[in-house]
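Residue numbers (my numbering), protein chains in the order written: chain D, 40 to 200; chain X, -5 to 367.
Bear in mind the hints are in silico, worked out from the structure with no lab data behind them. What you are looking at is a predicted structure, and each value in this text was computed from that prediction instead of being measured. Please note that a few of the clues may not be correct.
Ranges between beta-carbon positions, derived for each pair [stated by the list, open to error]:
| # | chain 1 | residue 1 | chain 2 | residue 2 | range |
| --- | --- | --- | --- | --- | --- |
| 1 | D | R94 | X | S346 | 12 to 22 Å |
| 2 | X | L217 | D | N76 | 32 to 42 Å |
| 3 | X | K243 | D | H166 | 55 to 65 Å |
| 4 | D | Q133 | X | L61 | 34 to 44 Å |
With a cut-off of at most 20 Å between alpha-carbon atoms, the simulated EDC-like pairs for lysine to aspartate or glutamate come out as follows [as the list claims (entries may be wrong)]:
| # | chain 1 | residue 1 | chain 2 | residue 2 |
| --- | --- | --- | --- | --- |
| 5 | D | K129 | X | D345 |
| 6 | X | K363 | D | E73 |
| 7 | D | K129 | X | E356 |
| 8 | X | K98 | D | E172 |
Residues on chain X that point at chain D, a partial pick, calculated with CB under 8 Å [stated by the list, open to error]:
| # | residue |
| --- | --- |
| 9 | W84 |
| 10 | T87 |
| 11 | V117 |
| 12 | W168 |
| 13 | H174 |
| 14 | L314 |
| 15 | P315 |
| 16 | R353 |
| 17 | I358 |
| 18 | F361 |
We put the beta carbon where it would ideally sit given N, CA and C, even for glycine.
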Amino acid sequence: MDADSDVALDILITNVVCVFRTRCHLNLRKIALEGANVIYKRDVGKVLMKLRKPRITATIWSSGKVICTGATSEEEAKFGARRLARSLQKLGFQVIFTDFKVVNVLAVCNMPFEIRLPEFTKNNRPHASYAPELHPAVCYRIKTLRATLQIFSTGSITVTG
Amino acid sequence: TTWPNTDCFSEVAYSQSTGQKEQLSRCLQRGIRRVQDLCKVLQLPTVFEETAVSYFQRALQHPSFHLVSLEKKELLGGCCVFVTCRQHNWPLTMGTICSLLYAKQELFASVYLSLQKELGLSVPALSLGDLVKTHLNSFRLFQHAADVPAPFVEDKEKMVARTMQIVELASETWLVTGRHPVPIVTAAAFLSWQSLQPAARLTCTFTRFCKLAGVDLPPPAHLRLKELLEIFLRMASQLAWLRVFNMDKKTVVKHIGDLLQHRIFLLKNAFCLEDEEEHRAVALGEGSPRSPPAAGGTAQEEGCPSEGKRQREGGARPLLPPCLINPRKRLRTAAPSTSDSAITGNEPISDSEIEQYLRGPEEIRAFRKAKAW
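Go ahead and model the full structure; you've got the sequences and the hints to work with.
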């Protein structure tokens, strides 16, 4: 690829993970009984609740910690998290929406060229590590940004962090 | 009662009296012994043993490995040996270590990745050339045996040389990148063995070959074999004296020797290389063959333009990873609408929106009755 070629790359955010706290104890059994779209995982002590709009899945612990996954932007993640907190309020819990934080964003991008992974790894040590016996992609860590890239031979790159 | 004479018992810390000589904990001692035994079984040089033991000691001092289960500590020893071998370019595969430790590969993989991350170890990738030699060492086709028919016995040097050439060809044609190496080597070994005496060996199946050789047949090896044969068939279509014949997957094996001898020329002709196509397109004034890629990334976008393809004899295919040639169907995600992109996260929440996520009283009663909570 030429350095001066002007090719636009689409970076698509596929998942945003956020957390928040309700500052109150949550009765998981009550949520499982009175909430709709709910899965109660009694063995691990959590409840999964899914919202339709936005399409997110929340994992709820009795301590009041909630993790929301599935949003496609940080604003959408907050949008869904607030709706979830409101649902818990309607179920009768004294919910206070606090400590909201986006903890992980997953994005996908496609390069317009294939990548020879063994040569790429050799030229990018120690950031890059490649173990084809475990995973078909090269794992490239950027410590300063706390980001991890999975680079596939097809040119597809997944960024998490 | 008399009190015992306690003058002889002064307060001494355990580490100063007994513990001073106990430098290593029992767990660490056992682990070190296990690492040393593993090195002896694999017949590794002494320097490997010292390095593996030092990695193991460093790892056990790390908080992430203090409180792990004994099973994981055993695997940790195996991981240290594995990393040491890789750093010295000793061709040891994960499968070998897992079979020696009777471990599940998933658990071994998680311990290995943790070790690599916590100790910041740089582990070079496995050298395919060394793996070919080591893997073929375990084949039982190089000496006469009761269960191996005479025509099936082969000269080791010839087979290693031809297998290396086929593996190099696989590497050039995108069959190796991102894939597990052992199935490729097994498939290449089978093709090289068949091609060295095709008359007697063409009727032997891949499964029977692996059984006779005394090696496992990993599931992806059949797919790798199919991909290799497709590459050879494409190359055969460019060889002048083979064009008149109707080649198929059986008959092309007889000509693998010729195909490997002329592989650079045949690869150039049989497959459309991107650089050549760009030059041709620029010369014809067609402009850049690459359009801005969409997020999907299909073979059509990254390969030759269709005009370039038609111009070549025999319809040269672009040299791309197989997953781009035969892409799986991808679900199209809806493009974000303008209303979605205007979300701030602080919009007001209506009751009706929330009520869809709550059960009504009758529903709760019916649910309670059904679940008998």
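**Message:** Output the indices of the hints that this structure fails to meet, ascending.
**Reply:** Those not satisfied are hints 3 and 9.
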